[in-house]
Amino acid sequence: MGEEEGLHQTPFLDTMFVRGLKRKCFDGEEDIEGTLAGIKAIPSYNLQRQSLLDMSLVKLQLCHMLVEPNLCRSVLIANTVRQIQEEMTQDGTWQMINTQSTGQASLDRLVSTDILCRSSRDQAEGKHVPAYGTFNKDFENDQAQDSSDTMSTASAVQAPRNLQSSVWEMENPQENKGNFQKSLDQIFETLENKSPNSVEDLFSEVDNSYYDLDTMLTGMMSNTKMGHCDSLETFSSSTNTASNSNCKSDLNDLDHIVEILVES
Amino acid sequence: MGGDFWCVFLWHGSNESLPSAEAVMFLKFSLRSVFYGAGGGNDIQWCFSQVKGAVDDDVAEADIISTVEFNHSGELLATGDKGGRVVIFQQEQENKTQSHSRGEYNVYSTFQSHEPEFDYLKSLEIEEKINKIRWLPQKNAAQFLLSTNDKTIKLWKISERDKRPEGYNLKEEDGRYRDPTTVTTLRVPVFRPMDLMVEASPRRIFANAHTYHINSISINSDYETYLSADDLRINLWHLEITDRSFNIVDIKPANMEELTEVITAAEFHPNSCSTFVYSSSKGTIRLCDMRASALCDRHSKLFEEPEDPSNRSFFSEIISSISDVKFSHSGRYMMTRDYLSVKIWDLNMENRPVETYQVHEYLRSKLCSLYENDCIFDKFECCWNGSDSIVMTGSYNNFFRMFDRNTKRDITLEASRENNKPRTVLKPRKVCASGKRKKDEISVDSLDFNKKILHTAWHPKENIIAVATTNNLYIFQDKMN
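Protein sequences appear in the order of chains U and R.
Per full-length UniProt numbering: the first sequence = residues 1 to 264.
Per full-length UniProt numbering: the second sequence = residues 1 to 481.
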């Protein structure tokens, strides 16, 4: 499972997060800009927070093929995501994102679980886009833009784990912030409480027709499992998270499920 | 040096005329600890006794132990595993000549309690993993226990058979029927002794009452009813009735999108048959009285400790989630386990625990990594000793911890096959949080987070403990002189 590996991968994240509210916020970024000394300094709080947000959203996406996901775990992760969103809203980071977003599709365009499923199906058709890129995808309109967005977003995910990437990011801080926060924008579209499709959607039913709300909550996105596990395979290979082992067994289970569905 | 004596102090901490629980302090002095220093002669010396399970490191998924429970006399020890099996061990009668050790636990019965099922409506598998086992108190020669997986609870009867009838007139010994025309004489069948056979049979199956995953079952002190709790609901059952159960707690929001809290554990009070508690993922415990209303959505008491602002982080809520709640045998206290600590609550005081013990505080700086590898969601259990003076819980690296409530001393021990000589006293372990590591200490980064002790049990009367590693069951007992 890579626990020791996991422990060593995120030493910086740990030290930052332990300090909780004693964060430096924008002060932290001053440490990063410019010199090599900045590389050795603890990465900025915002970056860390973003990374935690990314990790949490990925965790929420992961679902077991055959067995219902653990509701307690899902609720705790979703609460963490909400916390981050609230803090970012209070920080004014959220406002910063709003002003910088460039002719985005309106906030009414929500990245619901529907979209996540759709992009997973896209991948099933052969488009190689990391699953994380789904947060970036704004349907067919922004295809061209998306590839660059995806790359910067993917690197943002990997930044804490790969100093190389963070150096790259530091060299172009402004540009990356733009892309970075644009993707943040899209992520937070999912978290907007006023929007009908928010992260809570992850708990609500995707398919009205057959399932009870209860069962959908516990099944997470059970009727989209197949699509997700396809995306999981590509995603896991690109980010090498601890979820690898889950993905492999998920794929075996996927075959099993397909067998059952095909036979019935 | 026997004897303890009590001092009572009245402390006027408030303007109230009646002393509250905070105002009255009981101090217990133990003469032994006064003369020998804290924890002097009182400390238990734990020795390895037995280990059950496969030796090899390759752990079969089905062999992962998921629950451990002594029965009320301590003579029987039940384990449940991920493969849906229940294994019951029985303690041998004490050998009078071997006064230096207590009886060993040997396999008494093994049976398949739950099978994997497939929910066709949701296209999801229902795991056969045994989440909890609870024993009923013994009423006759047979033993009864409740075992549950995520969805179904079963009442099992375990009975012994040590004689069988022989000498039927119409049947041969092997069971074949004889031709009646060949019967020329009649005889009376008699019981003859046979090798002991232990049979387990399911007597009741309590199904289809839980939409979410069952995390707890608890038998009421009336021994007629029991509760089962899942993530959002708690149901009350009668042991005799399987087609009906009463919903007594329902925290499911009307709109599932508003869900922010789930039930993590529940237990009946050991003496009061109308009182139970349930814990939540937000670190609260609610005590409910079933006499107040049919649906106990309004708690009688809410136990919650205010958050320490200096320790606040994004993981604060996750680590405050309570993984286990256990009443003391006396019923006066309850213990809760969250990710980093064990807390003892006085039922009369809701605003904070009376005691807090840190299990592995050195992990606080590693929470992000533990979140990444999902270890932060591990659900550790905890247990009391028979006299409610010591509490025990598990940790990582096959370590487990004990806290003596009287002496305030704690100890860390390891369940490992390296210490497997009987009557060898276990060496205390120490984790070095930071800085220079002393000899024999282990650093935090060297801990094996795959080796977690989630389930422990303490014999109700003796100093015998059962500690479950991933797929092995260790039995330790105190050194008898």
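Calculated directly from the structure, the hints in this document are not laboratory data.
Quantities reported herein were computed from a predicted structural model and do not represent experimental measurements.
Be aware that a few hints might be false.
[As the list claims (entries may be wrong)] Short derived list, chain R residues pointing at chain U, Cβ under 8 Å:
1. E117
2. D179
3. L259
4. T260
5. S321
Using N, Cα and C, we set each Cβ at its ideal position, and we do this for glycine too.
Interface hint for T260/R, Cβ within 8 Å of any Cβ on chain U: 6 Å, holds
Satisfaction of the D179/R interface hint, Cβ to chain U closer than 8 Å: Given a least distance of 49 Å, the restraint on D179/R is violated.
Interface hint outcome for E117/R [beta carbon to chain U under 8 Å]: The hint is violated - E117/R has no Cβ within 8 Å of chain U, the shortest such distance being about 11 Å.
Restraint outcome when L259/R is required to lie within 8 Å of chain U by C-beta distance: Hint on L259/R: holds, closest Cβ of chain U at ~6 Å, below 8 Å.
Cut-off 8 Å, beta-carbon criterion: hint that S321/R touches chain U: Result: holds, 6 Å to nearest chain U Cβ.
Taken one by one, the earlier hints fail for this structure at numbers 1 and 2, listed in ascending order.
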